[in-house]
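K.L.:
Chain residues, written in single-letter form:
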Amino acid sequence: MSFINYSSREINCKIVYYGPGVCGKTTNLQYIYNKTSPETKGKLISLSTETDRTLFFDFLPLALGEIRGFKTRFHLYTVPGQVFYDASRKLILKGVDGVVFVADSQLERMEANMESLENLSVNLADQGYEFNKVPTVMQYNKRDLPNAVSIEEMRKSLNPRGIPEYQAVAPTGVGVFDTLKSVAKLVLSELRKGG
Amino acid sequence: MAAQLVMYEDEFTKINAICDRLAKDANAKVVFLVDKAGQLISASGHTQHIDTTSLASLTAGNVAAMGGLAKLIGENEFPNQFHEGTKDSLYMTIVATRIVLVGIFDNRTSLGLVRLRIKKASDELGRVMESMDRNANSRHEVGSPFAEISDEDIDNLFSD
Chain A
1 MSFINYSSRE INCKIVYYGP GVCGKTTNLQ YIYNKTSPET KGKLISLSTE TDRTLFFDFL
61 PLALGEIRGF KTRFHLYTVP GQVFYDASRK LILKGVDGVV FVADSQLERM EANMESLENL
121 SVNLADQGYE FNKVPTVMQY NKRDLPNAVS IEEMRKSLNP RGIPEYQAVA PTGVGVFDTL
181 KSVAKLVLSE LRKGG
Chain R
1 MAAQLVMYED EFTKINAICD RLAKDANAKV VFLVDKAGQL ISASGHTQHI DTTSLASLTA
61 GNVAAMGGLA KLIGENEFPN QFHEGTKDSL YMTIVATRIV LVGIFDNRTS LGLVRLRIKK
121 ASDELGRVME SMDRNANSRH EVGSPFAEIS DEDIDNLFSD
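These protein sequence lines map, in sequence, to chains A and R. Quick note: the first sequence uses our numbering, first residue 1, plus one each step. Quick note: the second sequence uses our numbering, first residue 1, plus one each step.
Accuracy of the hints is not assured; some may be wrong.
[To be verified] No farther apart than 16 Å at their CA atoms in a straight line, the calculated lysine to aspartate or glutamate pairs in the EDC-like style are these:
id, chain 1, residue 1, chain 2, residue 2
1, R, LYS71, A, ASP126
2, A, LYS185, R, GLU124
3, R, LYS119, R, ASP25
4, A, LYS185, R, ASP155
5, A, LYS71, R, ASP153
6, A, LYS181, R, ASP155
7, A, LYS193, R, ASP151
8, R, LYS14, R, ASP153
9, A, LYS181, R, ASP25
10, A, LYS43, R, ASP51
[Unchecked claim] To spell it out: a stretch of chain R is covered by chain A in this simulated footprint if at least three of its residues, at any positions, have a beta carbon under 8 Å from a beta carbon of chain A; those stretches are:
id, segment
11, 33-39
12, 44-54
[To be verified] One side of the interface only, derived from the structure: several residues of chain A facing chain R at Cβ under 7 Å:
id, residue
13, PHE3
14, TYR6
15, ASN12
16, LEU44
17, LYS94
18, ILE163
19, LYS185
Calculated from the structure, these hints are not laboratory results. Note that beta-carbon positions come from the ideal geometry of N, C-alpha and C, so glycine has one too.
Please build the complete structure, drawing on both the sequences and the hints.
P.N.:
This is the structure we're talking about:
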């Protein structure tokens, strides 16, 4: 649910990074935080456990610039990926405008990817959204690992709809901004349609 | 998709005025209004040294988590919350089921006064939100200026 303020001429949109545990959602946000200039970003907030696993969410506000005289801000959130934090994941999807699904390319995580994607669809439905109608992009992360599954196989299992997809290595930034730009464009296009 | 929150000049002015008055009447340090998705709507008082964007997001997270807890024990939600600190405390209340009014205050005022003033302001804000919803429907029919956004406008945002 974007927030449009005609008085202060601002548009605020919410993007959620979703995916199984340790797939690199927080790493995406950390890379974006480290590579954006101080005037365009707010504080990166991480509600995590002592072992740096996301407990509730990470949050990063980003100002992208102006569009038709409106300041455009994106609020990036991650969800906790571990299966047992489902109640928290559901809450974070409230008011979402766009989703980045971060998939872990390692062979042994394929089942976790599929389970998480299914969980995303269920949790979106719980919040009153239809998965097919929410602007979503797919990121195949950890492409640098030797046990990475081929893109064709990942596509077959995770992206039969053919939504925009990107290969990534989040710690070094490969594909991180391409993914962000892509989801931001989809969200703004949705806004244009009056969505 | 969930309904967009759209705010126009007159509503924004009314909401800011209510928040400004509340900050004064309750002698609160800061008053702010957030929607349940974590978007900051208005902030009044001594906001200079506070990261209001983070505050808004964490408030929404907190309200969502408490709402989840409430449902687990058979309540719909906890409409009011009080968090007591050593110097500053925080009182929040849910307005019109979808926004959250928060007051941060210290020992120059009292919880009783803050609660009383927040209750009054929350009723007023509820009425503004109602009229906002009515207006949004009629204004939506006129057409959104974002219908004019071109692919080029969107691309320009990312030209770095």
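K.L.:
Take the hints in turn and mark each one as holding or not.
P.N.:
Taking the hints in turn, this is what the structure says about them:
| no. | hint | in the structure |
| --- | --- | --- |
| 1 | R:LYS71 - A:ASP126 | 14 Å, holds |
| 2 | A:LYS185 - R:GLU124 | 37 Å, violated |
| 3 | R:LYS119 - R:ASP25 | 12 Å, holds |
| 4 | A:LYS185 - R:ASP155 | 8 Å, holds |
| 5 | A:LYS71 - R:ASP153 | 13 Å, holds |
| 6 | A:LYS181 - R:ASP155 | 9 Å, holds |
| 7 | A:LYS193 - R:ASP151 | 12 Å, holds |
| 8 | R:LYS14 - R:ASP153 | 32 Å, violated |
| 9 | A:LYS181 - R:ASP25 | 45 Å, violated |
| 10 | A:LYS43 - R:ASP51 | 8 Å, holds |
| 11 | 33-39 | holds (count 5) |
| 12 | 44-54 | holds (count 3) |
| 13 | PHE3 | 4 Å, holds |
| 14 | TYR6 | 5 Å, holds |
| 15 | ASN12 | 5 Å, holds |
| 16 | LEU44 | 9 Å, violated |
| 17 | LYS94 | 6 Å, holds |
| 18 | ILE163 | 16 Å, violated |
| 19 | LYS185 | 5 Å, holds |
Violated hints, in rising order: 2, 8, 9, 16 and 18; the structure is consistent with all others.
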